[in-house]
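Given only the sequences and the hints, what does the whole structure look like? Please build it.
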Amino acid sequence: MAWIDRARDVFRRWFRRGAEERALKEEFSFHLEREIERHVAAGQSRADAERAARLSFGSQETYREEVRDTWTPLVDGLAADLRWSLRRLRGHAGFTTTAVLTLGLGIGASTAIFGLVRGVLLQPLPYSAPDRLVMFWQRTADVADDTWHSLRELVEYRKATPSLSDLAGYTTAAVNLAEGEPERVRSAIVSPNFFTTLGVTAELGRTFVPTDGDDAVNQVILSHGLWQRQFGAAPDVVGRPIRIGGRPFTVLGVMPASFRMPLDYREERPTELFRLLVFTPRDAEAWGDRSYYLVGRLQPGATPGAVQGDLDRVHKHWVETVAELRDDALSERAALPLGRLLFRDVRTALFILLGAVGLLLTVACANVAHLLLARGDARRREIATQAVLGAGRLRLVRQLLVESGLLALAGAAAGVAMAYGTVAAVLAFAPVNAIRMRSVAIDGGVLLFACGIALIATLLAGLLPALRLSRTGATDALSGARGEGAAVRPGTRRFLVAAEMALSLVLILCASLLARSYAELRRVDLGFDPSNALAVRVDLAAADYPNPADVIRVHRDVVTRVAALPGVRAAGSVRILPLTATIGDWSIMLEHRERKEGENPNGDWQVVTPGYFEALGVRMARGRAIAARDDEAAPLVAVINETMAARYWPGEDALGKRFHLGTSDQPWIEIVGVSRDVHHNAVIEHNRAEMYVAHAQWPRATRGSARVGMTLVVKTDGDPLALVPRIREEIRAIDRRVPLTDVRTLENVASAALAEPRFTTLVLTVFAGLALLLAAVGLYGVVSFVASRRSREIGVRIALGARASQVRWLVVRDGLMTSGAGVIAGLVVSVLATGVVASQLYGISRLDPAAFAVAPLVLLVVTALASYLPARRAARLNPVTALRND
Amino acid sequence: MAESGFQVPPGTLEMLVLKVLSREPEHGWGIGHRLQQLSRGRFDVNQGSLYPALQRLLAKGWIRSAWQVTDSGRRARYYHLTKSGEAQLAREYESWSRQVDAVRWVLRRS
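Chain order of the listed sequences is L and C. Residue 437 is where the first sequence starts when you use the working numbering, and the numbers rise one by one after that. Residue 74 is where the second sequence starts when you use the working numbering, and the numbers rise one by one after that.
The hints are simulated quantities; they were obtained by calculation from the structure and are not laboratory data. Among the clues, some could well be false.
Claimed, not checked - Below 30 angstroms or equal to it, Euclidean Cα-Cα: the simulated BS3-like pairs (lysine-lysine) are:
1. C:Lys92 x C:Lys156
2. C:Lys133 x L:Lys595
3. L:Lys461 x C:Lys92
4. C:Lys92 x C:Lys133
What the hints assert, rightly or not - Derived contacts from chain L toward chain C, CB cut-off under 10 angstroms, selection only:
5. Glu457
6. Glu462
7. Phe464
8. Arg470
9. Glu473
10. Arg474
11. Val476
12. Phe493
13. Ile788
Stated by the list, open to error - From chain C, some residues computed to sit far from chain L (all C-beta separations above 12 angstroms):
14. Glu97
15. Gly101
16. Asp117
17. Trp140
18. Val179
19. Arg181
We put the CB at the ideal spot given by N, CA and C, even for glycine.
This is how it looks when you write it as structure tokens:
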């Protein structure tokens, strides 16, 4: 077991150095003693013996040094390398700062993006075993496009999906809180098994449990945030009364701060109140009354595929046996793993950014490698000397890697600081809800990642220069030649710069594709005019207004009083503001039309007051808008959009045609206008059939209650936000209890709908710009280097009469050749790489000619600029000095 | 030392130290002394080579060291051969003998 002995020896010596030193000293003095004794025994005097012994023994210090050299050479040498590298880095502050900042940029950006990816995609959802949860959703719809189910379907699904251990349903509603200042909050009405299905428990009190029934319908669970805001985080909140929508409730529990409803991740604000959904078998009779989201938990051992099998089976059965469902696109419904559904869109964007940041990091490393090489040229003599004196190649490589490692470490420290700032900025300024709603933070895992990146950066930046320099032929370097003979060929450095240019080109191309696509998105005609317009939510508490006539009167008063304000051009209210939430469709019956097989006429239903179309700036294609005369007593009228007119009355004039809501016996509604299509669910959507019914007539049209919650849209002459105080006063004058919430301009609404593409585009553009900057610095370096190496040749040319412009061109051409090679390589790579962003593009091809023409041009212009400085310097060369300088 | 001796031939010091220690454990001074004796006074061991050589042998695990009290009652560091040291000595002896034979054959021919 020689190696064990040896390892123990090395180990012991390293850690017991002090003892070892003392032992050595004692051993030497013993040796000296014996030597003296020997001389004395040979008949010398004590003094002579001592002198002779010392003479023959020599300098103790030297021996000790030599003995020490045999100790743990690897570790000891490393410490020396460290000290040595630190000293060198301190001595070259300019170089060190540049390298550390460059690496810090790459590491910081990578760390920040990784922090986002980790926080948003890798961090588990706040449920127990979240990967066992599925949500029933349209297979192809994105998460913003709601998929609702009826209570009947919930009940039937429970029976027909053995691969689910639990299936819960919930719906959402906004409610008014009447504690202190009136406040409107998002609330959810959840089935009793909802919290147990998700596997979450309350922070205080309790959640609902499957055995809860009618006795718990007046109980409510608060979010952590609401508990803090409304109850000052009172520990004894459980059992206290709270008025919601004018009705009394009792607090049953408080959810932990981390809890979110699944779909909260797409919303601006989280759900803050949870009430119990209790229904009787009668409530669950209708198949088509769809307003519930369904969340299920997989049986142990079951897969989402098994649930899908259950779904497909039961859907087939329903289509065959249930008349109402015959025409529904049930086969589109899928059981999607929760995380996949919720972060489907943002995932692609984040992975694109992760890829982009990888490129940026590579460029940064190439640049530092470049700096190290450039400095290495200056150190060739020194390294050659070391090699001659016996330093092995491994030793030289290690020494150079230690230096780049130190740089990377400092870069990582700078990078982590940058990452903190970046993540904070993203959370503050990027209104991407899916990111904002997740607790993104730079934690231990992210820091570990930063260290890993630093290690990779060390190797990327340091290995190439280290290998190159350690190969330096000692004789070449030492043979005194100062000129071209001894210098490293610029090939390696040219290659690095060309690679940087190629990677930058890929980034610039992707960024410009996204920017072009974003511009296209901005150009999309939304069907309404968001300029100079304001939206505020006006919600009456249902309990305060039991009488529909009062609801209608208040909303009418609000609209007329606000419309009369100076500076207001038009005002009108609507059930759901475009681009803020989906509407949902409602089956309709068309007059003089039998329900045909495979046809299920329906439309997204809006409820509007007079003035709405004018305020939103929706033009009428035919007929008229909803007007003041369409009141409670007047004949029922509706406006439909062009898509609906074309779908149900193709080739006919829809004006004067009649339909009614629902499939049972409701009163007929006459179409008096056809409006232009409004993009309601998203900026990009398939046009959907939409119908607008007068708010005053809604209770008659549905034989139901009046809409208490409406969004008031105000078109103004000047700055719409300036009018908010006046509007608030007017509404207060009508009813003090009405909260004014969700105040925003329509510009903001339209802009928020594009938050995600804007975020991706912006970040990618910044990365592309940084990469280009680094590449330009690298190019500047290599062109200067080559120009200075050719100074003699240039001197000869000038002496022979070359004009300054010719000399400049000589140098600039060198830069253009180098980055030209990079551009060509980059274009080839881009043809493939743009496939990654293709899914994010709207309205342009991934091979968009404009982007492919502009990006290389940008690169070449930057190249010319970066080469011009060394070119100008070369042109000013004094030929006499240049020629003498040998 | 009055009589001028030879330096130990390059590369043989470690082998010779092992040989000395194969007889009995010895301290640094003793090893030098024994080498001189055994070479009939021809080898003059330089302490500057001896102690680093001992450290190298320790590092390779061919010898071990321990503090012991000498006959005269003083503490001294004694070195002794390990099993792998014995094997190493045998290997080196073998290879050295071949070299010496080879050198002798060449010299005899010419």
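Hint check:
1. Restraint check for Lys92 of chain C and Lys156 of chain C: satisfied, since their Cα atoms lie roughly 13 angstroms apart, inside the 30 angstroms limit.
2. A distance of roughly 76 angstroms separates the Cα atoms of Lys133 of chain C and Lys595 of chain L; the hinted pair therefore is violated under the 30 angstroms criterion.
3. A hinted pair counts as satisfied when its Cα atoms are at most 30 angstroms apart, and Lys461 of chain L with Lys92 of chain C qualifies at roughly 26 angstroms.
4. A hinted pair counts as satisfied when its Cα atoms are at most 30 angstroms apart, and Lys92 of chain C with Lys133 of chain C qualifies at roughly 16 angstroms.
5. Interface hint status for Glu457 of chain L: violated, as the beta-carbon distance to the closest one in chain C is roughly 12 angstroms, over 10 angstroms.
6. Satisfaction of the interface hint for Glu462 of chain L is found here, the shortest Cβ-Cβ separation to chain C being roughly 7 angstroms, below the 10 angstroms cut-off.
7. Using the Cβ-Cβ criterion of 10 angstroms, the hint placing Phe464 of chain L at the interface with chain C is satisfied: the shortest such distance is roughly 8 angstroms.
8. The interface hint given for Arg470 of chain L holds, since its Cβ lies 4 angstroms from the closest Cβ of chain C, which is under the 10 angstroms cut-off.
9. Given the 10 angstroms rule on beta carbons, the hint for Glu473 of chain L holds: about 9 angstroms separates it from the nearest Cβ of chain C.
10. Proximity of Arg474 of chain L to chain C holds as hinted, the smallest CB-CB distance being about 8 angstroms (cut-off 10 angstroms).
11. At its closest, the beta carbon of Val476 of chain L sits 13 angstroms from a beta carbon of chain C; the interface hint therefore is violated under the 10 angstroms criterion.
12. Contact between Phe493 of chain L and chain C, as hinted, is supported at the beta carbon level, the nearest pair being about 6 angstroms apart and thus within 10 angstroms.
13. Because the smallest distance between the Cβ of Ile788 of chain L and any Cβ of chain C comes to about 55 angstroms, over 10 angstroms, the interface hint for this residue is violated.
14. Every Cβ of chain L is farther than 12 angstroms from the Cβ of Glu97 of chain C; the closest lies at roughly 17 angstroms, confirming the non-interface assignment.
15. Remark: the non-interface label on Gly101 of chain C conflicts with the geometry, its nearest Cβ contact in chain L lying 5 angstroms away (cut-off 12 angstroms).
16. A beta-carbon of chain L is positioned within 12 angstroms of the beta-carbon of Asp117 of chain C; the least distance is around 9 angstroms.
17. For Trp140 of chain C, the non-interface assignment is contradicted: its Cβ lies about 8 angstroms from the closest Cβ of chain L, within the 12 angstroms cut-off.
18. Val179 of chain C, annotated as away from the interface, keeps every beta carbon of chain L farther than 12 angstroms; the closest lies near 31 angstroms.
19. Every CB of chain L is more than 12 angstroms from the CB of Arg181 of chain C (nearest about 37 angstroms), matching its label as outside the interface.
The structure fails to meet hints 2, 5, 11, 13, 15, 16, 17 from the earlier list, while all remaining hints are met.
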